Structures are given as structure tokens and as C-alpha cells.
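**Q** Spelled out from the first residue to the last, the chains are:
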Amino acid sequence: MHIGKVVGTVVATRKDEKLVGSKLMITQPLKFNMEPKGDPIIAVDTVGAGIGEIVIYTTGTAGRIAARKLDAPIDASIIGIVDNIDIHDLDE
Amino acid sequence: MHIGKVVGTVVATRKDEKLVGSKLMITQPLKFNMEPKGDPIIAVDTVGAGIGEIVIYTTGTAGRIAARKLDAPIDASIIGIVDNIDIHDLDE
Amino acid sequence: MHIGKVVGTVVATRKDEKLVGSKLMITQPLKFNMEPKGDPIIAVDTVGAGIGEIVIYTTGTAGRIAARKLDAPIDASIIGIVDNIDIHDLDE
Amino acid sequence: MHIGKVVGTVVATRKDEKLVGSKLMITQPLKFNMEPKGDPIIAVDTVGAGIGEIVIYTTGTAGRIAARKLDAPIDASIIGIVDNIDIHDLDE
Amino acid sequence: MHIGKVVGTVVATRKDEKLVGSKLMITQPLKFNMEPKGDPIIAVDTVGAGIGEIVIYTTGTAGRIAARKLDAPIDASIIGIVDNIDIHDLDE
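Residue numbers (our numbering), protein chains in the order written: chain A, 1 to 92; chain B, 1 to 92; chain C, 1 to 92; chain D, 1 to 92; chain E, 1 to 92.
No lab work stands behind these hints: they were computed from the structure.
Note that this is a predicted model, so its numbers are computed, not measured.
Hints are not guaranteed to be accurate.
Identical copies carry no separate label here, and so any pair may be met within one copy or between two of them.
[Claimed, not checked] In silico SDA-like links for lysine to any residue, alpha-carbon gap of 20 angstroms or less:
| # | residue 1 | residue 2 |
| --- | --- | --- |
| 1 | 18 | 81 |
| 2 | 23 | 86 |
| 3 | 31 | 68 |
| 4 | 31 | 71 |
| 5 | 37 | 8 |
| 6 | 23 | 88 |
| 7 | 69 | 84 |
| 8 | 31 | 83 |
| 9 | 23 | 84 |
| 10 | 69 | 51 |
| 11 | 37 | 21 |
| 12 | 18 | 83 |
| 13 | 31 | 11 |
| 14 | 31 | 52 |
| 15 | 23 | 81 |
Same shape as in the complex, but just chain A (with noise of 0.2 angstroms):
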């Protein structure tokens, strides 16, 4: 899994029906230390993000088991809203 931050939505009305009633929300990845990292991506949102909020997401089948629809064709959500980051070691 991977963090990263709400960072808009994406709205389309013409769209696979499996995915109607599913949230698409822009999320960033990020760093560790709160830097983006590569593009935003699409995903799906399970636990009711909002923008600006940090989260975890996952990928793959992972996403489709986090939004409860094995038949949609989705290959990201976001699964928690992150409270706390604790680093104890990282030697870079």
C-alpha cells in the first residue's frame, strides 16, 4: 500500500455502469516525508476521503476487494485515512 493526498475528483458521466455510485478521486502519491511523488492517479474512494487529507491506497485486485465490487473495473482505492506516521529509521 502507498500514501498519498486527496487532491480533486474527476467527474464522467459516460462510464462503465459497475463504476456508477463509486467516488473517482485524484490522489497524489507521496513520500514519507510529505513530498509528491510521481503523478496523481485515479481511486476509488471507500472510507469517505475528503480533499487535502492524507491516505493509504491500494492497487490492483486490492482495490476492487476495497470497494466491494469484484465485478468493476477498478485498480485503485483508497482504504484509510492516515492519523499518525511514525519513522524510527530511515538512512537517507
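Using the hints provided, position chains B, C, D and E relative to the given structure of chain A.
**A** Here is chains B, C, D and E on its own, set in the frame of chain A:
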């Protein structure tokens, strides 16, 4: 999921029979500022996307789910046409 | 899916028995302008592709589906011979 | 599989209920010379790994298998504590 | 699939019990000109590969299929020993 722009088509007469009837679209991955990101991929169109449209695509098993062809060798599909992108907060 | 060029073959006498009968083709991933992209991979040929041909290949579970060998350790297969590529709009 | 070093923990109170009871460890991927490689990921601990330990982790479906939670949105797990690494021949 | 060179072994006494009996080989990915490509990974040996041998390895679910252990947290396996590589045409 990711966003991309449909930029072309690929025609293959000799191909896996499970691909017959699937439209193979050349899709340029995009950043959320609409700049191209990396090289185009081939994705199966499942929503009637046209050349030049900004789309949402999905990869892996989710691509087969989108195409409703679990027994076809598909690893990427277009699953929505983007109407609107709303970026509230992107620190970069 | 991606496009590539078949550039060679790999022979392995000592191998997983489920691979017996599968032709292992060295496939150079290509950009859509036909420039090489990254390093070659090994893909199982499922369409009778020859050396020098431009092909469509697929990865992951889709590779096993293409080979009709769900119990073989295949993670990439050639699934079509490219007849024509039509790029209408590529802003880069 | 890959090796990494456990460098911290992530706490998320609001999360997918299937993650309850799974310890989320921040794991820094390592090269075999123990230099960090890329950015840390979040992996579920399945072997009682402690901060600072060098571990083996696995990704994708293998991560859910390791956690014995096939219905949880897990895509990476720690599956072993490294006792010894023996490099015989590395031409670089 | 990819080619690599077996360069060492990893020993982990405390590990997922499903890994017991699987030999964990440090495998350096190779380009087809035998230059190293990126960093080594850990792959389960399924063909009796020895240190220094050039092998074919596979990743993801295909790794578990190769090891005939669908319930083990394996995401990469060695599936063949390379006898011969024949490159006919490589434009780079």
C-alpha cells in the same frame, strides 16, 4: 485508474480470436495538467470513445472486467469519458 | 497491451514442463513511432509471429489466457500481428 | 520478492474494516548491498518484524496470501526476516 | 518472462510456513546482451538452477504457478535454464 487521450487505432487481422469485436485504441497517458506522460498503450474501448477524447482507463484484470471478456487476453480498457477534472490542491 | 518487434528466440531445455510446446520469443517493446522502448522481454507466441514482425503483446494473467494455458508460468504473450497503426493526434 | 528494512509504522483509525488487526509497517526497499532503493511502501507484517529488521516482502495477490486475508485490500506483506544474504557473483 | 543470472541465496529462518522448502535465489535481471538491468530480486527456484546460471524467471501469479504453491506468498520464480539466445534483429 489513469487518464489518457485517445490518439489512434491499431488494426490486426491475425490475432487472438477472443479479441474479435474489441476496438484497440492507442491511448496516450496524461498528467492531470493534460501533458503527455510516458508512451501510449493499447486499450480496448468499452464506452464508445472517439479520437481526441480524454478518457479514464484501467489496467490488468480490471481491463478484462471492463470489456466483459474474462477469457480474452486484454490488460487495459477505456472505462469512461472525462467530463470534468477538479483539482483543489496540488502542491507541486 | 503494447506493441513490439520480434527480434529473436530463447531455447531452454531444462524448464517448467508446462512450457513445453510454447515458443519463447524475444520481443523488443516499441513506441508507436517504431523506436525501441526499454529492454526486450520474453513472450509466448500464440499467433505464429515471425522474426521482424510488429506484434501486439499482453502481460500478466492475460498472457496465460492468450496461451490457453492457465496453469503455465507465463506472464507475457504475443496476441496479434499489427497490420496498421493509425495515429490521428499525438501532441508530443 | 524483495528485501527491505522496517523503518516505521502507520496508524489509521478510519480504515477498511478488513485491515483491523493488521500491522502496517513502513518498509524501505533495499538493494542487496543494503542501500535504499526508491521510496518506502506500506506492508502488512505477518512474521512479527520489528523496527530496523531486514525483511523479505512480497507484493500483489501474494501479499493477501501471506496475510491469510484474501478478502482484505492488502497489496504488500512482510513474509520473512532475513538471517543471511550470500552473494557469490554479481558483475556490477 | 525475463532473463537473469543467479547470483546468490537468501536465508530466512523466521518466515511464512508456506515458504518452507522453497529455495530463495537472488537473481540479477539481465539485458539480452548479458548486461545487468536494475537491481536483483528474490525468485523461488523451480528447476534446480545453480549460482552463475542464466535463467528465465516469471513474476506475479505465474511465480506461484511455477512453484506449484498457489497458497504461498511467492511473486517470482525461476522457470528455465537458458541454453541459447538467438537475436536476429535488434535495431539499437
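**Q** The structure should be examined with respect to each hint, and the outcome stated for every one.
**A** Consistency of the hints with the structure:
no.: 1; hint: 18 <-> 81; result: between (25 angstroms within a copy, 14 angstroms between copies)
no.: 2; hint: 23 <-> 86; result: between (29 angstroms within a copy, 13 angstroms between copies)
no.: 3; hint: 31 <-> 68; result: neither (28 angstroms within a copy, 28 angstroms between copies)
no.: 4; hint: 31 <-> 71; result: neither (31 angstroms within a copy, 27 angstroms between copies)
no.: 5; hint: 37 <-> 8; result: both (16 angstroms within a copy, 19 angstroms between copies)
no.: 6; hint: 23 <-> 88; result: between (35 angstroms within a copy, 15 angstroms between copies)
no.: 7; hint: 69 <-> 84; result: neither (29 angstroms within a copy, 24 angstroms between copies)
no.: 8; hint: 31 <-> 83; result: within (16 angstroms within a copy, 29 angstroms between copies)
no.: 9; hint: 23 <-> 84; result: between (25 angstroms within a copy, 13 angstroms between copies)
no.: 10; hint: 69 <-> 51; result: neither (23 angstroms within a copy, 30 angstroms between copies)
no.: 11; hint: 37 <-> 21; result: neither (29 angstroms within a copy, 28 angstroms between copies)
no.: 12; hint: 18 <-> 83; result: between (31 angstroms within a copy, 18 angstroms between copies)
no.: 13; hint: 31 <-> 11; result: between (27 angstroms within a copy, 16 angstroms between copies)
no.: 14; hint: 31 <-> 52; result: both (15 angstroms within a copy, 19 angstroms between copies)
no.: 15; hint: 23 <-> 81; result: both (16 angstroms within a copy, 15 angstroms between copies)
Of the numbered hints given earlier, the model fails hints 3, 4, 7, 10, 11; all others are met.
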